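Protein chains: 2
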Amino acid sequence: MALLVVGSLAFDSIKTPHGKAERILGGSATYFSLAASYFTEVRVVGVVGEDFTAEHEAVMKVRGVDTRGIQRAKGKTFFWSGEYSENLNEAKTNVTELNVLEDFQPEIPRGYSDSEFLFLANIDPVLQSQVRRAMSSARFVGGDTMNFWIGGKPRELADTLKQIDVMLINDGEARMLAKDHSLPRAANKILAKGPKALVIKHGEYGATVFFREGAFGIGHHPFRAPALPIEEVKDPTGAGDSFAGGFMGYIASQDGLNREVFKRAMFYGGVMGSFAVECFGTERLRNLSRDEIDARFQIFRELTHLE
Amino acid sequence: MALLVVGSLAFDSIKTPHGKAERILGGSATYFSLAASYFTEVRVVGVVGEDFTAEHEAVMKVRGVDTRGIQRAKGKTFFWSGEYSENLNEAKTNVTELNVLEDFQPEIPRGYSDSEFLFLANIDPVLQSQVRRAMSSARFVGGDTMNFWIGGKPRELADTLKQIDVMLINDGEARMLAKDHSLPRAANKILAKGPKALVIKHGEYGATVFFREGAFGIGHHPFRAPALPIEEVKDPTGAGDSFAGGFMGYIASQDGLNREVFKRAMFYGGVMGSFAVECFGTERLRNLSRDEIDARFQIFRELTHLE
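Listed in order, the protein sequences are those of chains P and U. Residue numbers for the first sequence, in the numbering used here: 19 to 325. Residue numbers for the second sequence, in the numbering used here: 19 to 325.
One or more hints might be untrue.
Copies of the same chain are indistinguishable here, so a pair counts whether it falls within one copy or spans any two.
When the alpha-carbon atoms are kept at most 25 Å apart in a straight line, the in silico DMTMM-like pairs for lysine to aspartate or glutamate are as follows [claimed, not checked]:
| # | residue 1 | residue 2 |
| --- | --- | --- |
| 1 | 38 | 250 |
| 2 | 110 | 120 |
| 3 | 197 | 108 |
| 4 | 33 | 296 |
| 5 | 94 | 40 |
| 6 | 207 | 231 |
| 7 | 79 | 68 |
| 8 | 211 | 250 |
| 9 | 214 | 249 |
| 10 | 110 | 189 |
| 11 | 281 | 312 |
| 12 | 110 | 325 |
| 13 | 207 | 189 |
| 14 | 281 | 325 |
| 15 | 197 | 177 |
| 16 | 207 | 249 |
| 17 | 79 | 249 |
| 18 | 281 | 320 |
| 19 | 110 | 198 |
| 20 | 33 | 250 |
| 21 | 214 | 132 |
| 22 | 94 | 142 |
| 23 | 211 | 174 |
| 24 | 92 | 73 |
| 25 | 281 | 125 |
To be clear, the hints were calculated from the coordinates, so they are not data collected in a lab. Predicted, not measured: the structure shown is a model, and the values here were computed from it.
Model the full structure from these sequences, guided by the hints.
Structure representation (structure tokens):
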């Protein structure tokens with residue numbers, strides 16, 4: 019079923035211990051769309067500037083992503099430049115140029131309004147709430163955020179939290195949002211703010227999903243999915259968005275939502291994240307096959323399962 | 019089958035966000051013995067001072083641990099004082115008094131020499147090698163170490179590494195020992211130094227075992243076991259030693275060593291670590307039942323397994 023994502027489209031300049039890349043295609047909506055495109059029909063809403071060419075758009079189009087929701091504005095596309103030291107879990111931001119993202123007003127194309135699944139990638143929570151309300155028919159909604167909004171727009175973010183089914187954030191964001199260092203305790207505090215489920219991403223250690231009591235009728239025991247031990251993480255940029263894409267894409271591809279679907283979605287999230295970091299930018303996510311994805315799913319299973 | 023551990027017996031003063039305790043029974047050999055005692059016959063070698071009473075020894079004896087190898091020396095027992103902030107993964111050491119541990123010369127009681135399993139807990143690598151050589155008949159040997167020895171006695175530690183089958187250390191120690199931030203790469207470098215398997219403990223995120231190619235005839239794919247998301251970690255002291263006790267104890271209780279035994283040992287390690295942190299000191303490890311342990315093993319399975 020159709021999955022709509024609203025988020026950023028960007029150019030990134032990235033430096034890691036394994037190399038660097040200048041002004042390559044990035045952005046949360048881009049990584050998300052590519053990762054989700056292996057599972058379901060994906061529609062994207064975002065804004066780009068005049069430097070965003072047909073060639074850039076084609077990266078998504080060849081993966082079957084519906085790009086009618088990409089708005090073109092005067093000026094330059096959102097630009098981010100950052101670098102990673104040996105500790106690949108943390109990026110140091112050098113430059114953030116919002117550019118056209120600064121005045122972004124998401125418009126949902128008429129043809130998108132029947133999307134049953136919605137993902138609010140990391141953008142201003144005011145816009146997240148706006149899109150959520152415009153897409154009132156969506157029956158399963160995921161969301162992301164970051165320290166910038168947690169610190170800067172706490173009330174607006176609280177409003178968003180009330181309107182989503184599952185939140186996907188990382189360890190640091192969960193601790194900051196709940197003001198609690200203990201992740202299980204932080205999870206419960208965040209679940210009390212609205213979402214039925216919370217996925218906390220632990221970087222190289224995997225991810226844990228916590229459920230509100232009775233959520234989706236599937237009990238409240240947490241579930242933990244691994245990440246792949248990878249010797250050479252080339253570029254961690256977009257790993258979290260790719261996780262979200264695999265996670266939401268798999269859920270959207272299934273007939274119903276039960277505990278087993280949720281668990282498998284966690285695995286597929288980890289799988290897509292593991293592909294994303296193997297190459298710079300979106301490179302690896304552009305030309306995967308479902309067979310490669312399912313083979314890696316099996317590796318994740320063998321990594322964690324007893325007989 | 020009998021499992022011999024050589025390590026420290028100690029008194030600890032501990033402060034955590036959930037309380038504090040003064041001069042309670044601790045030490046790597048103590049936590050290890052108690053955790054392993056639920057699986058197999060355990061024998062302990064270590065040194066204590068005059069302040070170590072029959073009551074302290076009884077904590078191990080009531081669990082069936084053979085304490086004939088506890089040597090008594092003039093002076094005081096090894097003392098450690100430390101505290102944990104909200105980040106319970108890291109202790110801040112306030113006081114370390116080696117006391118009788120300073121001149122410790124491990125002596126293996128005659129009745130211990132048929133021990134088929136041996137664990138060299140965190141003590142001077144010179145002593146670890148000495149014990150390893152004295153126990154040449156041991157057919158499976160595990161070991162631990164810490165930053166103090168990695169930095170201070172690298173050659174001696176290299177000698178120990180050549181003589182053990184499996185090393186159990188944490189993330190920081192693995193990175194320091196291999197001089198590499200990437201854990202999978204660090205693992206391969208450490209395996210090249212001698213051990214057939216390396217267990218890297220990730221604290222609240224679980225643990226991963228890496229194998230040397232062809233080790234134990236069970237392939238070289240890593241395996242990852244979870245830790246339990248616990249809302250209230252009362253006292254993390256001894257979690258790693260308890261992991262090692264569960265891990266080695268389970269292996270010693272099995273007839274042969276195959277991949278499945280190794281995997282289950284990783285789970286039992288996590289299970290015993292999860293119990294250890296629920297109370298201050300060794301409290302929780304003193305009066306468990308095998309039923310409680312196996313029930314938690316099931317929780318670990320449900321936390322990680324797809325259908």
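Structure-based check of all given hints:
Taking CA atoms no more than 25 Å apart as the test, residue 38 paired with residue 250 passes inside one copy only; the shortest distance there is 14 Å, against 42 Å between copies. Proximity of residue 110 to residue 120 under the C-alpha cut-off of 25 Å is restricted to the intra-copy arrangement: shortest distance 22 Å within a copy versus 45 Å between copies. In this assembly of identical chains, the alpha carbons of residue 197 and residue 108 lie at most 25 Å apart whether taken from the same copy (20 Å) or from different copies (19 Å). In this assembly of identical chains, residue 33 and residue 296 lie within 25 Å of each other by CA distance solely inside one copy; the values are 14 Å within and 42 Å between copies.
Taking the closest pair of Cα atoms, residue 94 and residue 40 come within 25 Å of each other only inside a single copy of the chain (15 Å); across copies the shortest separation is 63 Å, beyond that limit. Proximity of residue 207 to residue 231 under the C-alpha cut-off of 25 Å is restricted to the intra-copy arrangement: shortest distance 13 Å within a copy versus 45 Å between copies. In the homo-oligomer, the alpha carbons of residue 79 and residue 68 lie at most 25 Å apart inside one protomer (18 Å), although the nearest pairing across protomers, at 77 Å, exceeds that limit. Taking CA atoms no more than 25 Å apart as the test, residue 211 paired with residue 250 passes between copies only; the shortest distance there is 21 Å, against 38 Å inside one copy.
For a Cα distance limit of 25 Å, the shortest separation of residue 214 from residue 249 across copies, 19 Å, qualifies, whereas the shortest one inside one copy, 35 Å, does not. For a Cα distance limit of 25 Å, the shortest separation of residue 110 from residue 189 qualifies both inside one copy, at 17 Å, and across copies, at 22 Å. Both within a single protomer and between protomers do residue 281 and residue 312 lie at most 25 Å apart by alpha-carbon distance, with minima of 15 Å and 23 Å respectively. Taking CA atoms no more than 25 Å apart as the test, residue 110 paired with residue 325 passes in neither setting, with 42 Å inside one copy and 40 Å between copies.
Taking identical chains as interchangeable, the C-alpha atoms of residue 207 and residue 189 lie at most 25 Å apart only when both belong to the same chain, with a minimum of 14 Å there against 29 Å between chains. For a Cα distance limit of 25 Å, the shortest separation of residue 281 from residue 325 qualifies both inside one copy, at 18 Å, and across copies, at 9 Å. Taking identical chains as interchangeable, the C-alpha atoms of residue 197 and residue 177 lie at most 25 Å apart only when both belong to the same chain, with a minimum of 18 Å there against 46 Å between chains. Only between protomers do residue 207 and residue 249 lie at most 25 Å apart by alpha-carbon distance; the minimum there is 11 Å, versus 35 Å within a single protomer.
Taking the shortest alpha-carbon separations for residue 79 and residue 249, neither the intra-copy value of 32 Å nor the inter-copy value of 45 Å comes in at or below 25 Å. Taking identical chains as interchangeable, the C-alpha atoms of residue 281 and residue 320 lie at most 25 Å apart whether they share a chain (15 Å) or sit on different chains (10 Å). In this homomeric assembly, residue 110 and residue 198 come within 25 Å of each other (Cα to Cα) both inside a single copy, at 24 Å, and across copies, at 20 Å. In this assembly of identical chains, residue 33 and residue 250 lie within 25 Å of each other by CA distance solely inside one copy; the values are 14 Å within and 39 Å between copies.
Taking the shortest alpha-carbon separations for residue 214 and residue 132, only the intra-copy value of 23 Å comes in at or below 25 Å, while the best inter-copy value is 56 Å. Taking the closest pair of Cα atoms, residue 94 and residue 142 come within 25 Å of each other only inside a single copy of the chain (19 Å); across copies the shortest separation is 61 Å, beyond that limit. For the homomeric pair residue 211 and residue 174, the shortest alpha-carbon distance inside one copy (12 Å) is at most 25 Å, but the shortest distance between copies (54 Å) is not. Only within a single protomer do residue 92 and residue 73 lie at most 25 Å apart by alpha-carbon distance; the minimum there is 18 Å, versus 79 Å between protomers.
Proximity of residue 281 to residue 125 under the C-alpha cut-off of 25 Å is found in neither arrangement, the shortest distances being 33 Å within a copy and 51 Å between copies.
Comparing the model with each earlier hint shows violations of hints 12, 17, 25; every other hint is respected.
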